[in-house]
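Asks: Below, each chain spelled out in residue letters.
2 protein chains.
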Amino acid sequence: MAKTVEKITDRDQDFASWYTDVVRVADLVSYSSVKGSMIIRPYGYAIWENIQKILDREFKKLGHQNVQMPMFIPESLLNIEKEHVKGFAPEVAWVTHGGDTPLEERMCVRPTSETLFCEHFKNIVKSYRDLPILYNQWCTIVRWEKTTRPFLRSREILWQEGHTLHRTAEEAKQETLRMFKVYEDFQRNVLSLPVITGKKTEKEKFAGAEETYTLEAMMYDGVALQNGTSHYFGDHFAKAFHIEYLDADNTWKTPFQTSWGVSTRMIGALIMTHGDNHGLVLPPAIAPIKVIFIPIQENEEVNKVIDNLTHELPEDIPFEIDRSGKSPGYKFAQAEVRGIPLRIEVGLRDLEKNEVTITRRDTLEKKAVKLEDVTEEIKSLLPIIQKDMYNRALKRRDSMIYEVNNKEEFLKTAKEKPGFILIPWCGKTACEDKIKEETGLKSRCIKEDIDTGLCAYCGKKAKHKIYFGKQY
Amino acid sequence: MAKTVEKITDRDQDFASWYTDVVRVADLVSYSSVKGSMIIRPYGYAIWENIQKILDREFKKLGHQNVQMPMFIPESLLNIEKEHVKGFAPEVAWVTHGGDTPLEERMCVRPTSETLFCEHFKNIVKSYRDLPILYNQWCTIVRWEKTTRPFLRSREILWQEGHTLHRTAEEAKQETLRMFKVYEDFQRNVLSLPVITGKKTEKEKFAGAEETYTLEAMMYDGVALQNGTSHYFGDHFAKAFHIEYLDADNTWKTPFQTSWGVSTRMIGALIMTHGDNHGLVLPPAIAPIKVIFIPIQENEEVNKVIDNLTHELPEDIPFEIDRSGKSPGYKFAQAEVRGIPLRIEVGLRDLEKNEVTITRRDTLEKKAVKLEDVTEEIKSLLPIIQKDMYNRALKRRDSMIYEVNNKEEFLKTAKEKPGFILIPWCGKTACEDKIKEETGLKSRCIKEDIDTGLCAYCGKKAKHKIYFGKQY
Chain A
1 MAKTVEKITD
11 RDQDFASWYT
21 DVVRVADLVS
31 YSSVKGSMII
41 RPYGYAIWEN
51 IQKILDREFK
61 KLGHQNVQMP
71 MFIPESLLNI
81 EKEHVKGFAP
91 EVAWVTHGGD
101 TPLEERMCVR
111 PTSETLFCEH
121 FKNIVKSYRD
131 LPILYNQWCT
141 IVRWEKTTRP
151 FLRSREILWQ
161 EGHTLHRTAE
171 EAKQETLRMF
181 KVYEDFQRNV
191 LSLPVITGKK
201 TEKEKFAGAE
211 ETYTLEAMMY
221 DGVALQNGTS
231 HYFGDHFAKA
241 FHIEYLDADN
251 TWKTPFQTSW
261 GVSTRMIGAL
271 IMTHGDNHGL
281 VLPPAIAPIK
291 VIFIPIQENE
301 EVNKVIDNLT
311 HELPEDIPFE
321 IDRSGKSPGY
331 KFAQAEVRGI
341 PLRIEVGLRD
351 LEKNEVTITR
361 RDTLEKKAVK
371 LEDVTEEIKS
381 LLPIIQKDMY
391 NRALKRRDSM
401 IYEVNNKEEF
411 LKTAKEKPGF
421 ILIPWCGKTA
431 CEDKIKEETG
441 LKSRCIKEDI
451 DTGLCAYCGK
461 KAKHKIYFGK
471 QY
Chain B
1 MAKTVEKITD
11 RDQDFASWYT
21 DVVRVADLVS
31 YSSVKGSMII
41 RPYGYAIWEN
51 IQKILDREFK
61 KLGHQNVQMP
71 MFIPESLLNI
81 EKEHVKGFAP
91 EVAWVTHGGD
101 TPLEERMCVR
111 PTSETLFCEH
121 FKNIVKSYRD
131 LPILYNQWCT
141 IVRWEKTTRP
151 FLRSREILWQ
161 EGHTLHRTAE
171 EAKQETLRMF
181 KVYEDFQRNV
191 LSLPVITGKK
201 TEKEKFAGAE
211 ETYTLEAMMY
221 DGVALQNGTS
231 HYFGDHFAKA
241 FHIEYLDADN
251 TWKTPFQTSW
261 GVSTRMIGAL
271 IMTHGDNHGL
281 VLPPAIAPIK
291 VIFIPIQENE
301 EVNKVIDNLT
311 HELPEDIPFE
321 IDRSGKSPGY
331 KFAQAEVRGI
341 PLRIEVGLRD
351 LEKNEVTITR
361 RDTLEKKAVK
371 LEDVTEEIKS
381 LLPIIQKDMY
391 NRALKRRDSM
401 IYEVNNKEEF
411 LKTAKEKPGF
421 ILIPWCGKTA
431 CEDKIKEETG
441 LKSRCIKEDI
451 DTGLCAYCGK
461 KAKHKIYFGK
471 QY
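Protein sequence lines, in the order shown, are assigned to chains A and B.
Residue numbering for the first sequence follows the numbering used here, beginning at 1 and increasing consecutively.
Residue numbering for the second sequence follows the numbering used here, beginning at 1 and increasing consecutively.
Check before you lean on any hint, since a few could be wrong.
The list treats identical chains as one, so a pair stands whether inside a single copy or across any two.
No farther apart than 27 Å at their CA atoms in a straight line, the calculated lysine-lysine pairs in the BS3-like style are these [unchecked claim]: (1) Lys326 to Lys122; (2) Lys60 to Lys326; (3) Lys35 to Lys86.
Keep in mind the hints are simulated off the structure, nothing from the lab.
Required output: the full structure, derived from the provided sequences and hints.
Replies: Written out as structure tokens, the structure reads:
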């Protein structure tokens, strides 16, 4: 593209503008006349493809199979589970006409597919031998949000939704936690996101679930991003949809169910956790391009060195060579805005000393490296960057978690300190509602159950240690 | 699944019922309360995943990048290119409400995404240096069909759509043909489909295209399935959407455009070309499972032999072992209905002779093979099956193409012989309309241009050799 690298708003001055600048200048997203939807551009989509590839392999390793359900849900089908329809009906897109013809029954575009999976399970499950069913679906869902931001809150969301059906409650609970662990490992090890994990409160759990486990990432500005959930449904849905199986003891029983999902929102978390004033910073494990080679001069020797170096790189280190003909300074800025983990500058002056310059994107540290050591240096730096990024994010996150024990301190912290507040809490929805009303904070997740102490807000007997925080 | 292999209708008695039996009994598809949409089950979806994997690799090799556009198109955007909206408006699904709120402007669910890509191209293209743009999108589209059949005609279609933008007409024409060739190679070499290829007539080309190239597969019953298209748009869309680029000579010019797509319909072609009275027959190159091992007895030696054999198989030969505990006869029928290319029966009687029995799914030929030769036999049989399936389909297709030169013969053949009819033809839409009216046949594609002879239907001067046939 013929353009100069555009200016990005200062991150500490206006975080919201910084964010929209980065997604635009790094060519992740573009807008269209479709309000509330985004265009995911090649570089942004390549990140999503990497996420898909890694998670899909994990799911399949654990025995999950991919399927594809319809994208429409007839109103009567959505209405079957009462909690569920209450949660989703206000924000679905309704299809009312096919061509010029009004539909006999209107359909919504799926906001999530529990109802479709349940209807299907009812049709295909007969015996305990059919269980467990471990299904996953990659698809786009639609939620008619009023205010939208790329990746964070969008009318169209690319995601995966796992749906499983089990013989026993115990097995379904284990599956809920097993997939929760898959998400946690992925976000920590691949995305370098130090997520806080735990159960949602009654008020915040998924519409229709018995238990919801959540991964809560803290963004640079201290605001939470719910970055994935895993739900245990018990047999609520199965009962509502009359799913039954004939057990080994020849009686009909109701199976137990889970669902779990993560979405392109994780890309938003990547940006807002790791990015800086130069643009994106991508963890090597998810970066579409891990190394960029920048020829400082258009010169035969420079080209030959770059050719040799790229030939030595193993296949799992995708690279690019910037032969755009732009100035070195432009190329550096462009590599930075795209968050490419390592930049290798190859110039005649360095080559006289048989060296190139390697720059880490995360720290912007430069280092002269002998030609014969470059490949090894790249191989050893990438996992170091991966780990350092995690640790830096962890340190920042921990520095923004405030543990308080009384209302005064709680209100003061809520007002003055961005981040999460960890409090002993009574567990009552009425108390949670009041906290929201007075402070704007919502519960993130339960850290642990406790049986001593008093609720930091209402003073009644505490039941949990819990995180509160603002959210995207 | 606990069930017996169900009876499949005889293919020669009732081809339509045979088809729906196969897609159901082979667990490719299931129905739901969403009329006109299908559920793609794990085995069917695994075929689609293989199609995606192979084609996506080819596209990327040629420099195409994946993107994701919105799934909705505002009515005013759809309306910009007149031919295009005329072609699609009668069959789109309209979203009119978000939750309880009527939309200011209704939107359709994309029936295809030319309009969205054009709007995006207008925003991102400035200079000749930005060209060519080579984009592809994997997504679901919606066309509100009245009568539907799984894979062949469905309200929701999983597909890919390539959209490219070029500096010159010549380059765009080359791209149209280049991608057409990718499809042809894929369908011939991977799907073993002997497609007939050529240009569509004016009447049958894509709404808004200057030229449409089509791949026409002939099903077992002689009926055509349009199995993919590649369109050259000229600058029609670019002009309608005011896409311009600043050329090297410093003048603003209009670029030229292509689009091309294939869909899950190819799975329908696979079934209806290769399937038989036992069920599916899958070409090895696309089969999710290439080899199935069937233990005849539950026995330690049998298990050991199977373990050894499967360990020897290279990674690109995915296999399954049927340990269902069902009878061998049931397992054989199940392997056949799923169309698995090779079946290896491992039983004690054969093992006494140090042998197993290998059965080809395409011919049902059995062969005793020494244990030490099994891996080599599998490796050599798979490409033979692939080629034999193509040649058998080609022979059948050619035996059902009738070349005729006058109206009497044309009408008689149209009435009596299922298949394609190849005729010299005048090229006039009025003549094509009359043929459709009198015979029910539509033009498939132009084989070649000619400058002698008379139209076999209207007797005017012939311009093309062209195929006519019924279609799904």
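Asks: Does each hint fit the structure? Answer for all of them.
Replies: Going through the hints against the structure:
In this assembly of identical chains, Lys326 and Lys122 lie within 27 Å of each other by CA distance solely across copies; the values are 24 Å between and 61 Å within a copy. Taking CA atoms no more than 27 Å apart as the test, Lys60 paired with Lys326 passes between copies only; the shortest distance there is 25 Å, against 44 Å inside one copy. For a Cα distance limit of 27 Å, the shortest separation of Lys35 from Lys86 qualifies both inside one copy, at 25 Å, and across copies, at 24 Å.
Of the numbered hints listed earlier, not one is contradicted by the structure.
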